[in-house]
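Number of protein chains: 2
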Amino acid sequence: MFKFGVLKTDKSSKARLGRLLTPHGEISTPAFIPVGTQGTVKALCSKDLVDLDAEIILSNTYHLYLRPGDELIKELGGLHKFMNWERPILTDSGGFQVYSLAQFRRINEEGVMFQSHIDGSSHFITPEKAVEIQEFLGADIIMAFDECIPYPAEYDYCKKSTEMTLRWAERCLKAQKRDDQVLFGIVQGGMYNDLRKICAEELCNLGFSGFAIGGLSVGEPKEIMWDIADYTASILPEDKPKYLMGVGTPEDIIDGAMRGIDMFDCIIPTRQARNGSLFASTGKVVIKNSKYTRDENPVDPECDCYTCRNYSRAYLRHLFMAKEILSLRLNTIHNLHFYLNLMKRIRQAIENDSLESLVKEYKEIYGKVMC
Amino acid sequence: MFKFGVLKTDKSSKARLGRLLTPHGEISTPAFIPVGTQGTVKALCSKDLVDLDAEIILSNTYHLYLRPGDELIKELGGLHKFMNWERPILTDSGGFQVYSLAQFRRINEEGVMFQSHIDGSSHFITPEKAVEIQEFLGADIIMAFDECIPYPAEYDYCKKSTEMTLRWAERCLKAQKRDDQVLFGIVQGGMYNDLRKICAEELCNLGFSGFAIGGLSVGEPKEIMWDIADYTASILPEDKPKYLMGVGTPEDIIDGAMRGIDMFDCIIPTRQARNGSLFASTGKVVIKNSKYTRDENPVDPECDCYTCRNYSRAYLRHLFMAKEILSLRLNTIHNLHFYLNLMKRIRQAIENDSLESLVKEYKEIYGKVMC
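So the protein lines, in turn, are chains A and B.
Under the working numbering, read the first sequence as residues 1 to 371, first letter to last.
Under the working numbering, read the second sequence as residues 1 to 371, first letter to last.
Hints were generated in silico from the structure; no laboratory data involved.
You may find that some hints are simply not true.
The list makes no distinction among identical chains, and a pair is therefore deemed to hold if it is satisfied within one copy or across any two copies.
Distance condition first, Cα-Cα at most 30 Å in a straight line; then the derived DSS-like pairs of lysine-lysine [said to hold, decoys possible]:
(1) K360 x K291
(2) K288 x K74
(3) K42 x K284
(4) K174 x K197
(5) K81 x K129
(6) K159 x K222
(7) K284 x K74
(8) K81 x K284
(9) K129 x K323
(10) K47 x K284
(11) K284 x K323
(12) K323 x K74
(13) K288 x K129
(14) K42 x K288
(15) K47 x K288
(16) K42 x K81
(17) K42 x K74
(18) K81 x K288
(19) K174 x K160
(20) K47 x K291
This is chain A alone, in the form it adopts within the complex (with noise of 0.2 Å):
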C-alpha cells in the first residue's frame, strides 16, 4: 500500500526525484506539504488545494485531538471524508505543540502531561495515545511521539532525551494497529551529530519506513541547522523517504532538497499571505506598502495562479488594508502556487539535470530577499 521510490538523483548534488504512494494518491517529491493545523488549511477549502496540485497536506493532531477530538472525526469517518479532501494526509505526532503551544507541561517516561492552549483542561498524552490519537484521525502518513529538545541544550540533556525518544519510538511501532497508515521516525538529538547518528541508527534497526529530520529550525543559527540536516540526511537509507519538519524559506528548500531531502512542510506561505508578504519571482512582495496603490499589474507576473490572473497589486493592496477575508484566500493561494511551482522546478530541474542553474536564478536573484 506504501511504496517509495528514487526515480533519479541529481548528478551535481543529493538532490532525487522520487515517488511516494500512499492509499490515497501518489505524491511527487521532493514535495512540500501545506499546513492545514485545524482540518483546513486556513482561509482555503479543499477544491482551492486541488487546484493549487497539492498532492498531500498536513494536519495537527495536537490541534485536532483537542478540538474537535480524534475520536469525533473517527466517528464521522475520518479527516479525509470530514474535511472532503481525498488525497494524502500526514498527521504530525502532536509532540512539537506540546512544546510550543501547550502550558504547564511534564514529560516523564511515560509521556507528557499538558494543560489545553484552548481551554487548560489536562491531557496526558503517551506514544501509544500519540498512535492511537492518529489512527482515529486515519491520516495516509503518521509520525512517532517525539521530545523535540529546544535549543540550546546541554549535551547530556540530549543524550538522555534522544534515548528516551528512541523507547518512544519503538512503544509507536508496537502500538500502530492499522496497517493501511505508514509511520515514520523522527530524529531528534539535539545539534549533536553523534546522538544523530545514534538515533538514524536505532530508528533504521526498529524498521521505519520513512524518517522525519526533527528539533532543527527551533532557534539555532543556520549553519549549524544545516550542518545537522546534512549529516542526518546523509546516514539515512536512500531507499526511504526523508522529511525535514518545519522548514522553511524557499531558499531552505533548496537547500535541503540539494542534501536529499524529500518532504517539508512549513507555515511561512500561509502565515506570511496572512500577513500580506507575498512570494514572487522578483523578490517579497509587502502588499500594503504604498507603492502599490495604483499598481495593476499582479502580484507576480510570471506567476499564473488564480490570484496573479484575476487580481490586481492594488486591489490586493486595497483588501489588505480594509482587513477584508479575501484577502487571506487570495494571498494564501498566491504563496502556496509559488511554493508548490517551487517544488515542480526543482523536480524538473533535477529530471533535466539543471538544477544547478534554478538554484543560481533562485539564490543570486532573489534568494537574500526570501528569509
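Please build the complex by placing chain B on the supplied structure of chain A, with the hints as guidance.
Chain B in isolation, oriented as in the chain A frame:
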C-alpha cells in the same frame, strides 16, 4: 443601454416578473443584490459570485470613497475592473452610511459634512459630489443622494427633509455626466404616506429611470414598514423598477415581491453567515449548536450549494468553533445561495402562477423562524 420590462404580473398579487438590461448584462427580477461593501462580498471572490449565479452586486459609495478612494478606482478602470466583476453593479449614494457610520455629521441645504469612521478625517459630500464619486466608480445603477430620515421623526422634520431630498435629487440628475449609468431616485417621506406620495410623484416628474423606497427598516415596527412600502410601491410607475433598499429577511423579500418590489439588497445573508446563522428549508441552523457536533448531514439536505454538496454540519461547526477563516466563506456561500435560490423560486412561481403555494410553504413551514 438600459431597459426595464415587466414580462408577467402575478394573478393573485402585485408580484411581477421582469428583466432589467444594463451595460454589464441582464438582471432577472425580482432580484436580490448581495452586498459587497468594500469592493468584495465579504469572504467571496468574484468567481464565487458567478458560481452562485449572482446577476448583480451592490457596493457602498461611502466606503469606497474613503478607501481606497473613487479617484483611484477610476484611474484603475472602474470598479468592475478593479474587483474583476464583469456583471452589473449598483452603488448606493452614500447617504445611508453617512448617517449610520460617520461621526459628527452636519447636514445643510448644500450637503453633508462628516468625519470618516476610519481616521476621523473631515469630508463634505454634496449631491453633485455623490454623483461624481459614483461616476468614478462606474456602477451600472447609481443612486441619488438623499437624507435618510431616522425613526421616529416628527411630521415637520420629515416634510422639510423630504423637500430637501427632492431638491438634491434634481441636483443629482443635473450633475450626471455619464450616459452609461442609470440614476435611481429614492423616495423618502418618513412614515407619512402623504409625504411619500409627494416625493414619489415629484421624482417621477423629474424623470428618473428607477425608484428606490428608502428610509425603511430603520427601527419602525414591521406593520408600519409594510404599510409605507405597500403604499409607496403602489403609486410608483409600473414600467419602472422598484427597489426596496436594505430589506430584508426571506419572509420580507416574499412580502416585498408580492407588493410589486423588483429589487432588494440586504446584509442579512452575509452577516448572519459570518455569525454562523444559516438558512435552511427547515428553518435556521445555528451552526455552533452542540447538536450539530456529530451531524454528518449538509446544512440543508435540499440545498445544492457548494457548501452543502461538500461539507457536513459537523465540519462547519468545527470550523466555526475553531474560528477558521474557511467558516466565513462556506457559510456565506450557503446563505447567499439560499437567498438567490429564493429569488429564482419566486420568479418561477410568478411564471407558473404558483406564487401562492410558494408563499404558503415559506410562511407556514418556516416563516416564523426566519427573522
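Verification of the hints:
| no. | hint | in the structure |
| --- | --- | --- |
| 1 | K360 x K291 | within (29 Å within a copy, 57 Å between copies) |
| 2 | K288 x K74 | between (42 Å within a copy, 20 Å between copies) |
| 3 | K42 x K284 | both (21 Å within a copy, 26 Å between copies) |
| 4 | K174 x K197 | within (23 Å within a copy, 83 Å between copies) |
| 5 | K81 x K129 | within (22 Å within a copy, 54 Å between copies) |
| 6 | K159 x K222 | within (22 Å within a copy, 74 Å between copies) |
| 7 | K284 x K74 | between (41 Å within a copy, 28 Å between copies) |
| 8 | K81 x K284 | between (36 Å within a copy, 25 Å between copies) |
| 9 | K129 x K323 | between (40 Å within a copy, 27 Å between copies) |
| 10 | K47 x K284 | both (27 Å within a copy, 27 Å between copies) |
| 11 | K284 x K323 | both (20 Å within a copy, 29 Å between copies) |
| 12 | K323 x K74 | between (36 Å within a copy, 22 Å between copies) |
| 13 | K288 x K129 | between (45 Å within a copy, 28 Å between copies) |
| 14 | K42 x K288 | both (20 Å within a copy, 19 Å between copies) |
| 15 | K47 x K288 | both (28 Å within a copy, 24 Å between copies) |
| 16 | K42 x K81 | both (18 Å within a copy, 27 Å between copies) |
| 17 | K42 x K74 | within (22 Å within a copy, 33 Å between copies) |
| 18 | K81 x K288 | between (37 Å within a copy, 20 Å between copies) |
| 19 | K174 x K160 | within (21 Å within a copy, 84 Å between copies) |
| 20 | K47 x K291 | between (33 Å within a copy, 27 Å between copies) |
Hint compliance for this structure: no hint is broken.
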